[in-house]
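Start counting the sequence shown at 126; every next residue gets the next number (the numbering used here).
These are calculated hints, taken from the structure and not from any lab test. Just so you know, not all the hints are guaranteed correct.
To be verified - FRET-style restraints, in silico, Cβ to Cβ:
1. P186 to E220: 44 to 52 Å
2. R155 to L237: 23 to 31 Å
3. V233 to M126: 42 to 50 Å
4. V132 to G219: 39 to 47 Å
5. E220 to A165: 15 to 23 Å
6. L185 to G230: 30 to 38 Å
7. P221 to E127: 44 to 52 Å
This structure is a prediction, so every number in the text was calculated from the model and none was measured. Heads up, the beta-carbon is just placed ideally off N, CA and C, and yes, glycines get one too.
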Amino acid sequence: MEFLVRVSVLSLGGILGVNARYWLGVLISRWAASHWATMAINVSGSFAIGFLSMALARWLPHPHARLAILTGFLGGYTTFSTFAFESVTLWERGEPATAMANVAGSVVLGVLAAFLGIVLARDVLIAAAGSPTAGMSPAKVTIPTEELRLAMQTEGSPDLELPPDILANGMGVDAAEEAEGRRA
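Can you build the whole structure from these sequences, using the hints too?
Dropping the structure here:
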């Protein structure tokens, strides 16, 4: 039964994500070449997975919901294969500079977007918790790591690790405090 539930939530998320990608791509392609639409979709999906992987662990800890949204919807929404195909097509059409800009831009912007999504989600989580340190650099704050770790590492969910520079020991101690403890 659990298998069928997982297949169902993945399928529902995937159907919605694929449709969102397709129709957004159609809309963007009215004003820009298709590779720009693909880049916009992949970069926005990278931001979304960065933000939502943190936020959903806190606010929507049910593993099926995260499976539907993170793996199903965002897996269907983003598209590595289209990005790769369009990059090769640009190269073969005699547009190597555009192809390389597409590759470099997609990778750099995608990673940056995921990072910004994570940082923004941490700030939102901290502000929602009423922490007096809200808005500080993420390296200087702590969040309830054990709760997040348990929510993120449920059976059937991907093994997501919280970054060690923020959550050094999994118990809410930040890296700066832990380093100070080692020096003493």
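Hints versus structure:
1. P186 to E220: 44 to 52 Å: holds (46 Å)
2. R155 to L237: 23 to 31 Å: holds (26 Å)
3. V233 to M126: 42 to 50 Å: holds (44 Å)
4. V132 to G219: 39 to 47 Å: Between V132 and G219, where Cβ atoms are some 44 Å apart, the hint holds.
5. E220 to A165: 15 to 23 Å: holds (19 Å)
6. L185 to G230: 30 to 38 Å: holds (32 Å)
7. P221 to E127: 44 to 52 Å: At roughly 49 Å between Cβ atoms, E127 and P221 fall inside 44 to 52 Å, so the hint holds.
In the structure shown, no violation is registered for any of the earlier numbered hints.
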